[in-house]
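Trainee: So the protein lines, in turn, are chains A and B. Here my numbering is used: the first residue of the first sequence is 16, the next is one more, and so on. Here my numbering is used: the first residue of the second sequence is 16, the next is one more, and so on.
Just so you know, not all the hints are guaranteed correct.
A pair counts as met if it fits within one copy or between any two copies, since identical chains are not told apart.
The calculated lysine-lysine pairs, modelled on DSSO-like cross-linking and capped at a C-alpha distance of 27 Å, are [unchecked claim]:
no. : residue 1 : residue 2
1   : Lys383    : Lys335
2   : Lys120    : Lys380
3   : Lys225    : Lys194
4   : Lys261    : Lys360
FYI, nobody ran anything at the bench for these hints, they're computed from the structure.
Given next are the chains, with one letter for each unit.
2 protein chains.
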Amino acid sequence: MNLIGHGKVEIVERIKTISDFKELHRIEVKRQLAHEIVSIAYGFLSPLKGFMNYEEVDGVVENMRLPNGVLWPIPLVFDYSQNEKVKEGDTIGITYLGKPLAIMKVKEIFKYDKLKIAEKVYKTKDIKHPGVKRTLSYADAFLAGDVWLVREPQFNKPYSEFWLTPRMHRTVFEKKGWKRVVAFQTRNVPHTGHEYLMKFAWFAANENQKVDEPRTGILVNVVIGEKRVGDYIDEAILLTHDALSKYGYISPKVHLLSFTLWDMRYAGPREALLHAIIRSNLGCTHHVFGRDHAGVGNYYSPYEAHEIFDSINEEDLLIKPIFLRENYYCPRCGSIENEILCDHKDEKQEFSGSLIRSIILDEVKPTKMVMRPEVYDVLMKAAEQYGFGSPFVTEEYLEKRQSILG
Amino acid sequence: MNLIGHGKVEIVERIKTISDFKELHRIEVKRQLAHEIVSIAYGFLSPLKGFMNYEEVDGVVENMRLPNGVLWPIPLVFDYSQNEKVKEGDTIGITYLGKPLAIMKVKEIFKYDKLKIAEKVYKTKDIKHPGVKRTLSYADAFLAGDVWLVREPQFNKPYSEFWLTPRMHRTVFEKKGWKRVVAFQTRNVPHTGHEYLMKFAWFAANENQKVDEPRTGILVNVVIGEKRVGDYIDEAILLTHDALSKYGYISPKVHLLSFTLWDMRYAGPREALLHAIIRSNLGCTHHVFGRDHAGVGNYYSPYEAHEIFDSINEEDLLIKPIFLRENYYCPRCGSIENEILCDHKDEKQEFSGSLIRSIILDEVKPTKMVMRPEVYDVLMKAAEQYGFGSPFVTEEYLEKRQSILG
Chain A
16 MNLIGHGKVE
26 IVERIKTISD
36 FKELHRIEVK
46 RQLAHEIVSI
56 AYGFLSPLKG
66 FMNYEEVDGV
76 VENMRLPNGV
86 LWPIPLVFDY
96 SQNEKVKEGD
106 TIGITYLGKP
116 LAIMKVKEIF
126 KYDKLKIAEK
136 VYKTKDIKHP
146 GVKRTLSYAD
156 AFLAGDVWLV
166 REPQFNKPYS
176 EFWLTPRMHR
186 TVFEKKGWKR
196 VVAFQTRNVP
206 HTGHEYLMKF
216 AWFAANENQK
226 VDEPRTGILV
236 NVVIGEKRVG
246 DYIDEAILLT
256 HDALSKYGYI
266 SPKVHLLSFT
276 LWDMRYAGPR
286 EALLHAIIRS
296 NLGCTHHVFG
306 RDHAGVGNYY
316 SPYEAHEIFD
326 SINEEDLLIK
336 PIFLRENYYC
346 PRCGSIENEI
356 LCDHKDEKQE
366 FSGSLIRSII
376 LDEVKPTKMV
386 MRPEVYDVLM
396 KAAEQYGFGS
406 PFVTEEYLEK
416 RQSILG
Chain B
16 MNLIGHGKVE
26 IVERIKTISD
36 FKELHRIEVK
46 RQLAHEIVSI
56 AYGFLSPLKG
66 FMNYEEVDGV
76 VENMRLPNGV
86 LWPIPLVFDY
96 SQNEKVKEGD
106 TIGITYLGKP
116 LAIMKVKEIF
126 KYDKLKIAEK
136 VYKTKDIKHP
146 GVKRTLSYAD
156 AFLAGDVWLV
166 REPQFNKPYS
176 EFWLTPRMHR
186 TVFEKKGWKR
196 VVAFQTRNVP
206 HTGHEYLMKF
216 AWFAANENQK
226 VDEPRTGILV
236 NVVIGEKRVG
246 DYIDEAILLT
256 HDALSKYGYI
266 SPKVHLLSFT
276 LWDMRYAGPR
286 EALLHAIIRS
296 NLGCTHHVFG
306 RDHAGVGNYY
316 SPYEAHEIFD
326 SINEEDLLIK
336 PIFLRENYYC
346 PRCGSIENEI
356 LCDHKDEKQE
366 FSGSLIRSII
376 LDEVKPTKMV
386 MRPEVYDVLM
396 KAAEQYGFGS
406 PFVTEEYLEK
416 RQSILG
């Protein structure tokens with residue numbers, strides 16, 4: 016058994032076989048924790064090696080810093096039911112969907128004021144905020160400690176085609192000859208507004224590099240995790256971004272598609288920082304931030320995720336943020352523009368998610384200047400194959416969707 | 016009389032009135048020299064304070080360096096007919112179109128192998144190369160020495176609307192709040208390929224700056240000087256770029272139009288360096304270089320002007336080059352693209368100067384995805400007003416065009 020995680024500690028040496036694992040006290044975890052364990056073990060969330068203890072949570076909540084001074088915006092906690100017989104110092108086995116997933120060395124068991132987490136991280140106590148709701152619904156105690164996967168995660172299709180560990184990301188970047196990589200965060204099927212956000216960000220990241228061959232790439236890194244009714248289904252998000260490149264709208268020479276297992280917290284500015292850290296762990300040099308990054312409802316102003324970077328020292332982030340305004344279709348220019356460069360504000364046709372949604376629900380193919388025809392076709396196919404007929408998440412999808420991790 | 020130039024030397028003190036000027040030995044100069052004197056005096060060609068001596072020409076020709084080590088790619092020489100009675104040490108008066116223009120302190124009178132200049136600067140001895148032809152047609156001796164304007168230049172319309180000294184450029188940049196400015200070199204009426212070259216360069220120059228308000232601008236700096244039959248007329252170049260901004264295709268918030276008096280040498284890579292130096296003197300932080308920059312015929316490969324920057328140390332240039340591929344219209348994308356980002360090479364519709372020219376000659380209005388309708392209209396108006404009916408330079412225009420400097 017090859018453990019996957021950080022550091023070679025004595026525990027890792029001790030748990031050598033599946034029967035060693037079976038002798039441990041075992042806890043079955045929910046999807047969120049299973050996904051986070053995978054992300055921690057592979058280094059998506061580096062320098063975290065496990066779930067946070069009291070001091071770490073407190074530093075993050077109060078100052079966005081780990082006790083060692085490293086910038087970190089959102090607490091990562093392992094909440095557990097106190098019915099479980101676990102004590103500090105234990106090594107426990109973690110199962111997911113009934114199968115061995117990981118081991119954890121429990122260093123600390125603690126409680127923390129969940130309302131305080133909510134207020135500081137989300138800037139609101141409103142239970143209607145999905146991040147607040149998630150936080151308040153945690154169990155009352157938290158386990159802190161490092162984790163190791165006991166097996167490589169198996170992904171179902173189509174996830175398996177796009178799974179790359181942080182190390183694999185770096186290998187692909189090198190193979191493609193990219194010296195710079197700009198990350199694009201998404202949970203959407205791409206309309207042309209997204210496409211040009213990526214294209215414009217490419218120019219920003221490429222800056223003054225030569226263009227005899229592409230030295231800058233775009234990493235489309237989809238956040239895969241908890242869904243809400245009305246979201247695009249995860250399978251469609253991956254397959255449509257793949258189509259955008261496959262059909263040449265963004266050349267494969269400068270395009271790579273992958274995902275990170277992470278349940279969106281909708282923490283707006285703080286989550287923007289977390290996305291920057293994750294993509295820096297993947298080897299990206301730049302990260303684009305558009306309008307309403309990782310926001311929800313009206314809890315954050317449209318460009319609040321840009322503003323938080325004013326308070327961050329450059330040396331605290333190993334990745335450069337690229338700030339862009341929202342794109343729109345300008346009928347005068349005949350192209351995708353934004354209001355910094357184009358002065359036809361009165362004529363602009365904004366991309367309205369709900370308008371595009373209603374067009375798609377009516378099974379009308381949008382114009383190619385809103386959604387590429389191949390993207391639409393792939394979306395509709397994914398709806399049939401994975402969405403129980405719908406490209407959007409329904410109650411049925413939430414109940415019956417195939418699991419991501421096998 | 017307020018002399019305009021560099022340094023306060025005793026000569027400047029001595030020539031105080033127009034009658035002082037009239038006591039000097041006077042030389043009438045051709046347009047090229049008059050324009051270069053204006054450019055030198057205002058600092059467009061800083062650190063040059065005058066015309067080069069033997070050692071300077073030799074350093075530039077052989078190593079692209081002035082004797083003090085400063086990067087400089089193209090010799091600036093004052094050729095004169097030896098019939099003129101001038102000797103080293105003289106202070107001479109310079110007239111243009113019969114009116115006092117400048118004074119010059121003659122430090123050195125020298126000869127230099129013109130064929131060697133041609134070969135080194137233009138990489139060819141071919142007399143059909145317009146830069147070679149110009150060099151070989153210089154008189155046989157050169158005057159070296161600093162120059163001072165004896166009056167502010169007066170420009171005829173429409174030039175007067177767009178005249179900015181280097182200092183005035185910096186003042187406008189500051190007023191507009193620009194922290195970065197990307198220069199765009201042009202001698203063309205803008206088609207959409209040019210427009211998007213500027214827009215894409217804006218993203219590159221803006222890189223990771225905030226976009227709450229524009230902190231990056233585009234300086235469209237037209238090279239005004241000698242024309243060849245078939246070129247767009249200078250007046251139309253200025254007025255159409257102005258239209259591009261006035262009609263909102265590039266917002267005035269990020270757009271400024273001006274010109275530099277300079278006779279194109281068509282020196283390809285070496286001239287690209289000179290353009291970078293000039294725009295750095297205007298306060299620009301970036302300079303975009305597309306395909307065939309400052310080239311002519313097939314003397315240079317399409318991206319040779321990019322390659323020369325490989326041999327230049329960053330600290331030798333106070334401006335960052337931005338390299339972009341040629342744009343084309345992609346009917347699949349429905350937009351202006353380039354072959355780094357778009358993979359529809361087989362369908363691309365390149366901007367052909369001669370095709371656009373023939374459409375315009377037939378008085379057919381091009382589609383707005385080739386040329387903006389307002390740009391076309393302004394072009395046609397300029398043809399009537401300044402071009403003797405033609406938007407392109409004709410023999411008639413060469414003979415009768417209004418002078419630029421009044």
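Trainee: For lysine 383 and lysine 335, with the copy left unspecified, which applies at a CA distance of at most 27 Å: within, between, both, or neither?
Mentor: neither (32 Å within a copy, 36 Å between copies)
Trainee: Is the C-alpha distance from lysine 261 to lysine 360 at most 27 Å within one copy, between copies, in both cases, or in neither?
Mentor: Result: close only across copies, 14 Å inter versus 33 Å intra.
Trainee: With identical chains treated as interchangeable, where does the CA-CA distance between lysine 120 and lysine 380 reach 27 Å or less: within a copy, between copies, both, or neither?
Mentor: Neither. Shortest intra-copy (53 Å) and inter-copy (74 Å) distances fail the 27 Å Cα cut-off.
Trainee: Pop the pair lysine 225 and lysine 194 into one bin, within, between, both or neither, using alpha-carbon distances up to 27 Å.
Mentor: Both: 11 Å inside a chain and 23 Å across chains, each within 27 Å.
The structure fails hints 1, 2 (numbered hints given earlier, in ascending order).
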